[in-house]
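With the hints as extra help, turn the sequences into a complete structure.
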Amino acid sequence: MKTFAYRDTPRWQPIPEYTLRCLGCSATFPDDDGLRLECSHDHPPALLRSEYAERRFVVGAEPSVLRYRDWLPLRRPISTVARTGVYRSQALAARLGLSDLWIAFNGWWPERGAKDPTGTFKDLEAFAVLGRFPEHERRPLVVASAGNTAAAFADACTANDLPVILVVPLDAWGAIASNAAVGPTVRTVAIANAQYDDAILFARRLAATGEVVFEGGVRNVARRDGMGTTMLAAAETLGRLPDVYVQAVGSAAGALAVHEAASRLIGDGRYGTVPPRLVLAQNAPFSPIHDAWRQQHAVLGEISDAEAREAIAAIGAPVLSNRTPPYAVSGGVRDALAESAGMTYGIDNAELAAGADLFGQTEGPDLDPAAAVAVAALARAVREGTIASDETILLHITGGGRRQLAPKNPPGLRPSLVIERADLDDIALERARRMVAAISV
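Each residue of the sequence shown is one higher than the one before, counting from 0 in numbering that gives the first Met the number 0.
Simulated from the structure, these hints should not be mistaken for lab results.
Misleading hints may appear alongside valid ones.
[To be verified] Using C-beta positions, here's what the derived DEER-type ranges look like:
#1 E235 <-> D389: 49 to 59 Å
#2 E383 <-> G238: 46 to 56 Å
#3 A191 <-> G384: 41 to 51 Å
#4 E338 <-> E37: 16 to 26 Å
#5 G300 <-> A90: 31 to 41 Å
#6 A26 <-> E383: 39 to 49 Å
#7 E419 <-> V57: 47 to 57 Å
#8 S262 <-> R430: 39 to 49 Å
#9 S262 <-> E136: 26 to 36 Å
#10 R430 <-> D304: 47 to 57 Å
#11 R55 <-> Q89: 24 to 34 Å
#12 A421 <-> E210: 18 to 28 Å
#13 A387 <-> A421: 44 to 54 Å
Idealized CB from N, CA, C, for every residue including glycine.
Okay, here's the thing in structure tokens:
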């Protein structure tokens, strides 16, 4: 095995051995180039999954997510302090009448062991994607985001001196500038009067020029393996898999990640034999996964662009606004829900606000709106009896504690390039290409 040294540890460490397997045709790709996003065989859409040579769950000594390096597709030196905090709830559990509620907190709450630099679990995926990215590749990554993912990549790329192009709705820029360090290797295309889907489409157009590398979203195994460390942190703390896992989802990449991590833990043989039941929540009225699963549809329902934009504009957690989540693909959300006997909820803005208040009153830290959706879904599931009071439950708080984070940039920092949604033409693409040329190394 080849070796390299991480910036935050003085020891030389092995590069994990792993193979990529297609969940559609079972084809394997043993020599990952760090860029592969899909199977090269001709068949309906399917995700890839990483399979590690190390079958036992091994926990290292690092005080960060790097303690799980044997189940991370790391190919280059990468530095991070990100880590999930897992603890047993007392106050929220008592309020809901639960005997064994555990909270996986991703955000900034050092007292509970949570140290995500930008305040969400997206820090886990950003560092993993960058760690998988080949060292010889000189083109920048291009990442589309509704806000949190962009903040995580900005911060991680600044810390590791790696180039990245972020494409985001302009409305997301304030949170990015507040929560992430934005260094000289980071460039941002902010689209005014836009939504997440607009950012994805423009990022794909930019990637089609061949001058940048499209990061890939949920199709990138590193994203899922990075976020899957939340389940690994829970298993390390609990010594077993939980019965139930609760999370708010947009693309549901995080839910797929913990489901895949649970399957690895089952393969270890020491943590249980049944995957946690997935309880996934979306912010109504924009809830494509919930709508499809509740109606037992094989694919997502069709919705017009105007209807989708209106529904997205109405939700309080815009980071949950992915219009094309991997629902029907092999290895996607529908499969994970079926394999885990899962369920879904649509949580409106009033319930979201109540969830945030409930967590604040019982546990303390401020929550991102998406995390409040998860709290509200747990409360409703308990009221309706779909979660039993004596089950072992893992509630994933995907973002919170940001009020404790100090600003990381000078006041008035602006995006590198601002483009009106109505002006996303060839001229806008050429402006973005010039920006890429200035950052490429």
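Check: E338 and E37, beta-carbon distance inside 16 to 26 Å?
Finding: Taking Cβ atoms as reference, E338 and E37 lie about 21 Å apart, which means the hint holds.
Check: Is it true that the C-beta distance of R430 to D304 lies inside 47 to 57 Å, as the hint says?
Finding: 25 Å, violated
Notebook entry, point to check: Holds or violated: 18 to 28 Å for the Cβ distance of A421 and E210?
Noted result: Holds: the Cβ-Cβ distance is about 24 Å, inside 18 to 28 Å.
Note to self: 24 to 34 Å was suggested as the range; check whether the CB atoms of R55 and Q89 agree with it.
What the structure shows: 32 Å, holds
Next item on the list: With 39 to 49 Å as the target window, see if S262 and R430 comply at their CB atoms.
Entry: 44 Å, holds
Item checked: CB-CB spacing for V57 and E419 relative to the 47 to 57 Å hint -> 50 Å, holds
Notebook entry, point to check: Within 39 to 49 Å or not, the Cβ separation of A26 and E383?
Noted result: Given a distance of about 42 Å, which is inside 39 to 49 Å, the answer is holds.
Notebook entry, point to check: If you check the beta carbons of E235 and D389, does the distance land in 49 to 59 Å?
Noted result: 23 Å, violated
Check: Range hint 46 to 56 Å: satisfied by the CB atoms of E383 and G238?
Finding: Because 30 Å falls outside the window, the suggested range is violated.
Checklist line | Outcome of range test on Cβ distance (S262, E136; 26 to 36 Å) | finding: Given a distance of about 30 Å, which is inside 26 to 36 Å, the answer is holds.
Next item on the list: Take a look at whether the Cβ-Cβ distance between A387 and A421 falls inside 44 to 54 Å.
Entry: Given range 44 to 54 Å: holds, Cβ gap about 52 Å.
Notebook entry, point to check: Using the C-beta atoms of A191 and G384, is the stated range 41 to 51 Å upheld?
Noted result: Once the Cβ atoms are compared, 46 Å apart, the range 41 to 51 Å for G384 and A191 holds.
Hint compliance for this structure: hints 1, 2, 10 are not met, and every other hint is.
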